[in-house]
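Colleague: For reference, the chains in residue letters:
Protein chains: 2
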Amino acid sequence: MMGEKKLPIALSNRHLHLSQEHIEILFGEGYELNKFKDLSQPGQFAAQEKVDLVGPKGTLKGVRVLGPARPNTQIEISLTDGFVLGVTPPVRDSGDVAGSPAVKIVGPKGEVQLKEGVLAASRHIHMHTDDAEKFGVEDKQRVKVRTTGERAVVFENVLVRVHPTFALEMHVDIDEGNAAGIKNGELVELITE
Amino acid sequence: MMGEKKLPIALSNRHLHLSQEHIEILFGEGYELNKFKDLSQPGQFAAQEKVDLVGPKGTLKGVRVLGPARPNTQIEISLTDGFVLGVTPPVRDSGDVAGSPAVKIVGPKGEVQLKEGVLAASRHIHMHTDDAEKFGVEDKQRVKVRTTGERAVVFENVLVRVHPTFALEMHVDIDEGNAAGIKNGELVELITE
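Going down the list, the protein sequences come from chains S and V.
Going by my numbering, the first sequence wraps up at 193, each residue one higher than the last.
Going by my numbering, the second sequence wraps up at 193, each residue one higher than the last.
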């Protein structure tokens, strides 16, 4: 039955993950991120901290930092954001930053000039191991997802990530969410064919 | 054969159509729009003139006017643009402006406070009568269109407009173009099933 393959979707606004080294350059020695609110994925949170991103053509002010700190700094923006900054982020899976464009990060206590790290995150689904079994899909499989409504689309080439700590949710960026006319928490349909 | 149902796609950036009355308020008595360049649809052109759009939350500066003058002023923006202005444009077919949000238009010689007229244009295909016959579709039919590439999508609910003066082209807005990772002139596939 189709009803068994429904899952919630969420729109990811521009954000960044910071290394502890970069957190201390931007916010001060020994600084730790402060939680603003929990995100849907266990352990992940939106931090109170925001920074400015400065590109060759323009600036995005007040971009939210997500926590906890990660081994490598990574910035996730939409293609629309890229026009504002003057960089073209490649559409990549999280972590795959090699050769991606650079921007300058400006915090209250300092600045970081990146060498790379700006991506447009590939649309993807976080899935608990039990959900993957129920849906009959595997980690790293690519699936299709159908949305409903006036701007209905089928997103193809959607990456599935399966892990026992993940909560079931599809993530798209703001361009993709607007193109489909969807709202946070709306249900979409997984198509494996 | 699939190859017979290919057509070019174009990304429409934010723009507006103005009534002659509004042109004269914004640019001066007796003013006529000046052509910047022809558009793909015969007789339509991007004008040299630009205006600012002022919403309750923010301003979009330098928005392009398209010509020629129309009976009614209409502003076509993306949902992303709507966030900047602080209005939520309904997704509508061109001309269907009843009850849509209002903004203020600011030109070099005057201002117009609209009562309505801000839309996110429905994705649509302009099609010459001969193309419609070849593709086996009719005016006002809704079809699906598949794009290719890393961000491949199927756009559902695509309005077909057929007229002997139309040139074959699909139009989407910048959100939709970015969501699909497409560029102007790329070929997409019409699906009628």
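The hints are simulated quantities; they were obtained by calculation from the structure and are not laboratory data.
Warning: the hint list may mix true and false statements.
For identical chains, the list gives no copy identity; a pair is met inside one copy or between any two copies.
Below 25 Å or equal to it, Euclidean Cα-Cα: the simulated PhoX-like pairs (lysine-lysine) are [what the hints assert, rightly or not]:
#1 183 / 144
#2 144 / 109
#3 5 / 57
#4 183 / 57
#5 35 / 61
#6 50 / 115
#7 144 / 5
#8 183 / 6
#9 144 / 6
#10 57 / 140
#11 104 / 183
#12 104 / 35
#13 115 / 5
#14 35 / 115
#15 109 / 183
#16 35 / 140
What you are looking at is a predicted structure, and each value in this text was computed from that prediction instead of being measured.
Colleague: Please go over all the hints and tell whether each is borne out by the structure.
Modeller: To see whether the hints hold, each was checked on the structure:
1. With identical chains, the CA atoms of residue 183 and residue 144 are at most 25 Å apart both within one copy (19 Å) and between copies (22 Å).
2. In this homomeric assembly, residue 144 and residue 109 never come within 25 Å of each other (Cα to Cα): the closest approach is 44 Å inside a single copy and 51 Å across copies.
3. For the identical chains of this complex, residue 5 and residue 57 are neighbours neither inside a copy (43 Å) nor across copies (39 Å), given an alpha-carbon limit of 25 Å.
4. Taking the closest pair of Cα atoms, residue 183 and residue 57 come within 25 Å of each other only across two copies (21 Å); inside a single copy the shortest separation is 30 Å, beyond that limit.
5. Taking CA atoms no more than 25 Å apart as the test, residue 35 paired with residue 61 passes inside one copy only; the shortest distance there is 20 Å, against 36 Å between copies.
6. In the homo-oligomer, the alpha carbons of residue 50 and residue 115 lie at most 25 Å apart inside one protomer (20 Å), although the nearest pairing across protomers, at 37 Å, exceeds that limit.
7. For the homomeric pair residue 144 and residue 5, the shortest alpha-carbon distances inside one copy (11 Å) and between copies (22 Å) are both at most 25 Å.
8. Taking identical chains as interchangeable, the C-alpha atoms of residue 183 and residue 6 lie at most 25 Å apart only when both belong to the same chain, with a minimum of 15 Å there against 31 Å between chains.
9. Within a single copy, residue 144 and residue 6 get their C-alpha atoms as close as 12 Å, and across copies as close as 22 Å, so both meet the 25 Å cut-off.
10. For the homomeric pair residue 57 and residue 140, neither the shortest alpha-carbon distance inside one copy (35 Å) nor that between copies (41 Å) is at most 25 Å.
11. For a Cα distance limit of 25 Å, the shortest separation of residue 104 from residue 183 qualifies neither inside one copy, at 31 Å, nor across copies, at 27 Å.
12. With identical chains, the CA atoms of residue 104 and residue 35 are at most 25 Å apart within one copy only, with a shortest distance of 24 Å there and 39 Å across copies.
13. For the homomeric pair residue 115 and residue 5, neither the shortest alpha-carbon distance inside one copy (41 Å) nor that between copies (44 Å) is at most 25 Å.
14. Taking CA atoms no more than 25 Å apart as the test, residue 35 paired with residue 115 passes in neither setting, with 28 Å inside one copy and 43 Å between copies.
15. Taking the closest pair of Cα atoms, residue 109 and residue 183 never come within 25 Å of each other, the shortest separation being 36 Å inside a single copy and 40 Å across copies.
16. In this assembly of identical chains, residue 35 and residue 140 lie within 25 Å of each other by CA distance neither inside one copy nor across copies; the values are 30 Å within and 51 Å between.
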